[in-house]
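Residue numbers (the numbering used here), protein chains in the order written: chain A, 1 to 215; chain B, 1 to 215.
Do not rely on the hints blindly, as some may be mistaken.
Claimed, not checked - The list that follows gives simulated cross-link-like pairs (lysine to any residue, SDA-like), each with its CA atoms no further than 25 Å apart:
#1 A:K30 <-> B:A15
#2 B:K30 <-> B:M178
#3 A:K169 <-> B:Q214
#4 B:K20 <-> A:G43
#5 A:K31 <-> A:D55
#6 B:K126 <-> A:T177
#7 A:K31 <-> B:L151
#8 A:K130 <-> A:M178
#9 A:K31 <-> B:V201
#10 B:K30 <-> A:V196
#11 B:K31 <-> A:A15
#12 B:K30 <-> A:R198
#13 A:K130 <-> B:G173
#14 A:K59 <-> A:A96
#15 A:K130 <-> B:K126
#16 A:K30 <-> B:P4
#17 A:K130 <-> B:E176
#18 B:K192 <-> A:E3
#19 B:K126 <-> A:E176
#20 A:K30 <-> B:R209
#21 B:K31 <-> A:V201
#22 B:K126 <-> B:E176
#23 A:K31 <-> B:P195
#24 B:K30 <-> A:D208
#25 B:K130 <-> A:W67
#26 B:K30 <-> A:A15
Hints in this document: simulated from the structure, not taken from any laboratory.
There are 2 protein chains.
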Amino acid sequence: MSEPGIFEIIHSTRAMRRLKPDPIPEATLKKIVDAGIRAPSGGNVQDWAFVLVRDPELKRFLRDYYWNTWQTLRAQSSLSSTEGIPPAQIRMYNAASDLAAHLDEAPVILLACVQQEYSPVAPLNKRASKLAVYGSIFPAVQNILLSCRALGIGATLTTIHSFFEDTLKQRIGIPETMEVAAMIPMGYPQGKFGPVSRRPVEEVIHWDRWGNQQK
Amino acid sequence: MSEPGIFEIIHSTRAMRRLKPDPIPEATLKKIVDAGIRAPSGGNVQDWAFVLVRDPELKRFLRDYYWNTWQTLRAQSSLSSTEGIPPAQIRMYNAASDLAAHLDEAPVILLACVQQEYSPVAPLNKRASKLAVYGSIFPAVQNILLSCRALGIGATLTTIHSFFEDTLKQRIGIPETMEVAAMIPMGYPQGKFGPVSRRPVEEVIHWDRWGNQQK
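Kindly produce the complete structure, drawing on both the sequences and the hints.
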């Protein structure tokens, strides 16, 4: 069987938040991470690491902290009431709540880690260093999301683990110098993949100068 | 013709730094950005924008600032001498120097912009906000790099524009609230696409806990 087309995959890679508990074969997981690390990194330093959490106790730990954080954020947010919120957004947040509540049922939770300081060439200022760091992990994360989709695995990019990152790093044994940039629950989806809808591309393209748009 | 396969593209998307000046059709540029915006963004806010710079004068402006920054960084760095540097790294930095010197010859320079502050749901702390911001633009950037490759266009993710970001934003008219996360010179490549080599995947995967590796 020939592999799925790149644009078909890009246009149907959406957050899949409701996952089946069925295990993902180890060879499949390796293929996904191996695609991840084809992404660029600043100066090609490849200062990344990927923790694949399958242990039930560790997944429950992640679930409990994630769920508490989610509850706290939700209570603080405009979403404590649904009044005036568009239906699509309410659906998204309900799915996100479900994900938080059932996080430990995902067969695998991937932690994408990156070296916090970047200076292979020269000392960088703070802003340049941030771009170098996050620009050296989120492209790999996107390769991982696309590869999951190509292999029929649902996944979602989440970042609210940052509220309990110190506890998380300690529990998993992640070195001080590494940052956990993303937490990605992975599993075969309960629902179906479908097209990803976005605002029209004409609204986000500016030709030469800001505001020079064809609409 | 069927479109190229996702894994074939992921495994052959490398930084292409030597580009031909031939123009890229507008429909092709739109297709590339349209693939970019299928990427996820925190809370699906889609707070991104893409400036496609084709104007010769603006490209020269970008080239001059980029070149000066590159020269300064290179002089400060260990690369001011090539002693003890692996040949592959020297080749990469030579290509990067060439890119800096000839940046204005690329038919298009794409600026990937993102809203600097993220708070659609609840006020976030500084660390969470950074992840939400960069995690909402670099996945789109990777979609763009993969789409370029799929369409035979060479591209490179660069970030050292951050050293002259204020000047850059002013010249292009980019609002104060937006950050330029990446600058991507794009053009048909002088060389050939080829496989991307990386450290073995076993070295970057940890099972459940840090250090638990199969090597």
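Verification of the hints:
1. A:K30 <-> B:A15: 24 Å, holds
2. B:K30 <-> B:M178: 21 Å, holds
3. A:K169 <-> B:Q214: 21 Å, holds
4. B:K20 <-> A:G43: 23 Å, holds
5. A:K31 <-> A:D55: 20 Å, holds
6. B:K126 <-> A:T177: Status holds; Cα separation ~18 Å.
7. A:K31 <-> B:L151: 24 Å, holds
8. A:K130 <-> A:M178: 13 Å, holds
9. A:K31 <-> B:V201: 9 Å, holds
10. B:K30 <-> A:V196: 17 Å, holds
11. B:K31 <-> A:A15: 22 Å, holds
12. B:K30 <-> A:R198: 14 Å, holds
13. A:K130 <-> B:G173: Holds, at about 23 Å.
14. A:K59 <-> A:A96: OK: K59 of chain A and A96 of chain A at ~17 Å, within 25 Å.
15. A:K130 <-> B:K126: 13 Å, holds
16. A:K30 <-> B:P4: With a Cα-Cα distance of about 22 Å, the restraint between K30 of chain A and P4 of chain B holds, given a limit of 25 Å.
17. A:K130 <-> B:E176: It holds: about 18 Å lies between the C-alpha atoms, which stays within 25 Å.
18. B:K192 <-> A:E3: Holds, because 22 Å separates the two Cα atoms, which is no more than 25 Å.
19. B:K126 <-> A:E176: 18 Å, holds
20. A:K30 <-> B:R209: Holds, because 16 Å separates the two Cα atoms, which is no more than 25 Å.
21. B:K31 <-> A:V201: 9 Å, holds
22. B:K126 <-> B:E176: 19 Å, holds
23. A:K31 <-> B:P195: 16 Å, holds
24. B:K30 <-> A:D208: 14 Å, holds
25. B:K130 <-> A:W67: Answer holds: K130 of chain B to W67 of chain A is near 21 Å, not above 25 Å.
26. B:K30 <-> A:A15: Holds. K30 of chain B to A15 of chain A sits at ~24 Å (cutoff 25 Å).
Violated hints are absent here; each numbered hint is respected by the structure.
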